[in-house]
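One-letter residues, chain by chain:
Protein chains: 2
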Amino acid sequence: MTLFKQATIIGLGLIGSSVARALRENGVCEIIVACDASPECLDKVAELKLADKTEADLQKAVDGSDLVILATPVGTYGDIGQAIGQALDFGATVTDVGSVKGCVLKALSGVLPEHVHLIPGHPVAGTEQSGPEAGFASLFAGRWAILTPPQDADPEAVEKLKKMWEAFGSKVEIMTPEHHDLVLAITSHIPHLIAYNIVGTAHDLEGVTDSEVIKFSAGGFRDFTRIAASDPTMWRDVFLNNKEAVLEMLGRFTEDLTALQRAIRWGDGDALFNLFSHTREVRRQIIEAGQDEEAPDFGRPHEIPPEKQAKD
Amino acid sequence: MTLFKQATIIGLGLIGSSVARALRENGVCEIIVACDASPECLDKVAELKLADKTEADLQKAVDGSDLVILATPVGTYGDIGQAIGQALDFGATVTDVGSVKGCVLKALSGVLPEHVHLIPGHPVAGTEQSGPEAGFASLFAGRWAILTPPQDADPEAVEKLKKMWEAFGSKVEIMTPEHHDLVLAITSHIPHLIAYNIVGTAHDLEGVTDSEVIKFSAGGFRDFTRIAASDPTMWRDVFLNNKEAVLEMLGRFTEDLTALQRAIRWGDGDALFNLFSHTREVRRQIIEAGQDEEAPDFGRPHEIPPEKQAKD
Numbered sequence: 596m597t598l599f600k601q602a603t604i605i606g607l608g609l610i611g612s613s614v615a616r617a618l619r620e621n622g623v624c625e626i627i628v629a630c631d632a633s634p635e636c637l638d639k640v641a642e643l644k645l646a647d648k649t650e651a652d653l654q655k656a657v658d659g660s661d662l663v664i665l666a667t668p669v670g671t672y673g674d675i676g677q678a679i680g681q682a683l684d685f686g687a688t689v690t691d692v693g694s695v696k697g698c699v700l701k702a703l704s705g706v707l708p709e710h711v712h713l714i715p716g717h718p719v720a721g722t723e724q725s726g727p728e729a730g731f732a733s734l735f736a737g738r739w740a741i742l743t744p745p746q747d748a749d750p751e752a753v754e755k756l757k758k759m760w761e762a763f764g765s766k767v768e769i770m771t772p773e774h775h776d777l778v779l780a781i782t783s784h785i786p787h788l789i790a791y792n793i794v795g796t797a798h799d800l801e802g803v804t805d806s807e808v809i810k811f812s813a814g815g816f817r818d819f820t821r822i823a824a825s826d827p828t829m830w831r832d833v834f835l836n837n838k839e840a841v842l843e844m845l846g847r848f849t850e851d852l853t854a855l856q857r858a859i860r861w862g863d864g865d866a867l868f869n870l871f872s873h874t875r876e877v878r879r880q881i882i883e884a885g886q887d888e889e890a891p892d893f894g895r896p897h898e899i900p901p902e903k904q905a906k907d
Numbered sequence: 596m597t598l599f600k601q602a603t604i605i606g607l608g609l610i611g612s613s614v615a616r617a618l619r620e621n622g623v624c625e626i627i628v629a630c631d632a633s634p635e636c637l638d639k640v641a642e643l644k645l646a647d648k649t650e651a652d653l654q655k656a657v658d659g660s661d662l663v664i665l666a667t668p669v670g671t672y673g674d675i676g677q678a679i680g681q682a683l684d685f686g687a688t689v690t691d692v693g694s695v696k697g698c699v700l701k702a703l704s705g706v707l708p709e710h711v712h713l714i715p716g717h718p719v720a721g722t723e724q725s726g727p728e729a730g731f732a733s734l735f736a737g738r739w740a741i742l743t744p745p746q747d748a749d750p751e752a753v754e755k756l757k758k759m760w761e762a763f764g765s766k767v768e769i770m771t772p773e774h775h776d777l778v779l780a781i782t783s784h785i786p787h788l789i790a791y792n793i794v795g796t797a798h799d800l801e802g803v804t805d806s807e808v809i810k811f812s813a814g815g816f817r818d819f820t821r822i823a824a825s826d827p828t829m830w831r832d833v834f835l836n837n838k839e840a841v842l843e844m845l846g847r848f849t850e851d852l853t854a855l856q857r858a859i860r861w862g863d864g865d866a867l868f869n870l871f872s873h874t875r876e877v878r879r880q881i882i883e884a885g886q887d888e889e890a891p892d893f894g895r896p897h898e899i900p901p902e903k904q905a906k907d
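Line by line, the protein sequences give chains A and P.
For the first sequence, the working numbering assigns the number 596 to the initial residue and increments by one for each residue that follows.
For the second sequence, the working numbering assigns the number 596 to the initial residue and increments by one for each residue that follows.
Honestly, the hints are just simulated from the structure, not real lab data.
Keep in mind it's a predicted model, so treat the numbers as computed, not measured.
Treat the hints with care, as some may be off.
To be verified - Each pair of labels, with its calculated beta carbon distance range: (1) P:643 x A:620: 38 to 46 Å; (2) A:798 x P:654: 45 to 53 Å; (3) P:896 x A:769: 22 to 30 Å; (4) P:842 x A:705: 46 to 54 Å; (5) A:685 x P:724: 54 to 62 Å; (6) A:644 x P:869: 31 to 39 Å; (7) A:880 x P:600: 41 to 49 Å; (8) P:857 x A:600: 30 to 38 Å; (9) P:710 x A:801: 54 to 62 Å; (10) P:842 x A:643: 26 to 34 Å; (11) P:865 x A:873: 33 to 41 Å.
Glycine is no exception: its CB is placed at the ideal position from the N, C-alpha and C atoms.
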């Protein structure tokens, strides 16, 4: 199902390189051009044969492409838009995969020419790993991709982009950037923030050694370290570019946590039990919706080979 | 390696039933007696053949046992101790698997006779599931078990209990109950509290539907719902019985979170980046220590069969 002639991916990290693989595996475009600021990354992309062409120069990279996908941290969009604006083909579609959407129009609408279709997007998928080696074609399968087209977007261009994500195995939802940023603040940004935070808190304790934190992490902490191992630049930019919604959600989170703190201090077992018994239902719904595995403990293997036994 | 003649397990949930399976699979005792307040649970235990004998009466259950393992929520220990005290065999060992240790001596030392060995314990292992069907023999393999014997504990009795956990595949660490409760507050109790909390916060939002929270949970939120699906009664009792350490750690967590909040509000990208780039190292150490899997995204499968595709 060839939807595009030539697609340029800017930024070949986990997501960008997964898009490259998914484009090729599903025959979505004829030619894939990879562009990255890091020469090492481009070398790796060439070595892994993820693209038909690697190109360090932004303007040359987008030349002749009818699809340009930004897959760099969202804080870079303004500069990239400035650089590629005049080099974009007439009628090309420019999209992205960033975790914040309100900032995309702000950063790009002034610098891109009127003849291109700017349709921001966000696949809600990922792993904690980074770089072109970490990507894989099926990353988006079974996950949702969100598009936040401007009100006056060309319906045909939106439809083509929708078809691309569907070819990758995603379901597509259209919403406003404002609503996207609110929803993702609670389903993604705040979870990352508190995961990063607790790993930092644990590291700074004077009465508990780092080695103890590691050894006894199976009590729950280790789950948090997975998302706290995500790309630092990407996540810095998420928080700087979704300030309003993140602060709003963080305020609610802290308010609720303060109520729990009070319940613990005053020994209000009923308040604790009530919350704890409602949350199980949410887990069940996530599994039913195909958004997580049913296997207990994330399906972690529990038969541990001798060489992988607990170590100090 | 028969260490005990007859072991009584009180409470056949996830942990108790896993202990039953591990005792039998590793030939640690000759006879296993299962005792539970729920007749349905005991029926299930009999059906699954997890014990040689099921017994609803606490006194009858411990009669003739040289090992008694409490595997009920820690809030029940006082009443159970009161009930079994006079029925315990001379020189029997009484231990437990609870997630809080300071409260065990407080609840039991007054009600158990002097001739028994009270040696509290805690295997740092588990899944989010509950009940006798959820347990399995290898749950403790590769994980740490902590023992918090009183200062005057019989070294031989401690050694036997250590051998039992080692037979289950665990490594054993001895520490004071106070230190245990501090370490587990940060590696287990606070992670559970903030996971429960964010699931509650997400559920209560008026601008974001529950269905959206479910659909877009792959952004990070779903990791939290796993531990927020843990047993509500057990966790209520943990927080009520480790109040001091939990409040102390929660204070530090909130302090750190407030600093992050301020960094976001004032656009201090360096502060965010610095924290985010340190936390990856903790993840690496946990994997090296054999306490989590290396596979990205917890090894979740990414080839989704059609019947498990994303659903509304």
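These are the hints, each one checked on the structure:
Roughly 45 Å separates the CB atoms of residue 643 (chain P) and residue 620 (chain A), a value that falls within the hinted 38 to 46 Å. Taken as a hint, the range 45 to 53 Å holds for the pair residue 798 (chain A) and residue 654 (chain P), whose Cβ atoms sit roughly 48 Å apart. Distance hint check for residue 896 (chain P) and residue 769 (chain A): the Cβ-Cβ separation is about 28 Å, which falls inside the suggested range of 22 to 30 Å. Taking 46 to 54 Å as the suggested C-beta distance range, the pair residue 842 (chain P) and residue 705 (chain A) conforms, at roughly 50 Å.
The given range of 54 to 62 Å is respected by residue 685 (chain A) and residue 724 (chain P), whose C-beta atoms sit roughly 57 Å from each other. Distance hint check for residue 644 (chain A) and residue 869 (chain P): the Cβ-Cβ separation is about 36 Å, which falls inside the suggested range of 31 to 39 Å. Our hint of 41 to 49 Å for residue 880 (chain A) and residue 600 (chain P) holds, since their Cβ atoms are close to 47 Å apart. Between residue 857 (chain P) and residue 600 (chain A) the beta carbons are some 48 Å apart, a value that contradicts the proposed interval 30 to 38 Å.
Roughly 41 Å separates the CB atoms of residue 710 (chain P) and residue 801 (chain A), a value that falls outside the hinted 54 to 62 Å. A beta carbon spacing of about 50 Å between residue 842 (chain P) and residue 643 (chain A) contradicts the range 26 to 34 Å that was offered as a hint. Take residue 865 (chain P) and residue 873 (chain A): their Cβ atoms lie about 39 Å apart, and the range 33 to 41 Å holds.
In terms of the numbered hints stated before, the structure departs from hints 8, 9 and 10, listed from lowest to highest.
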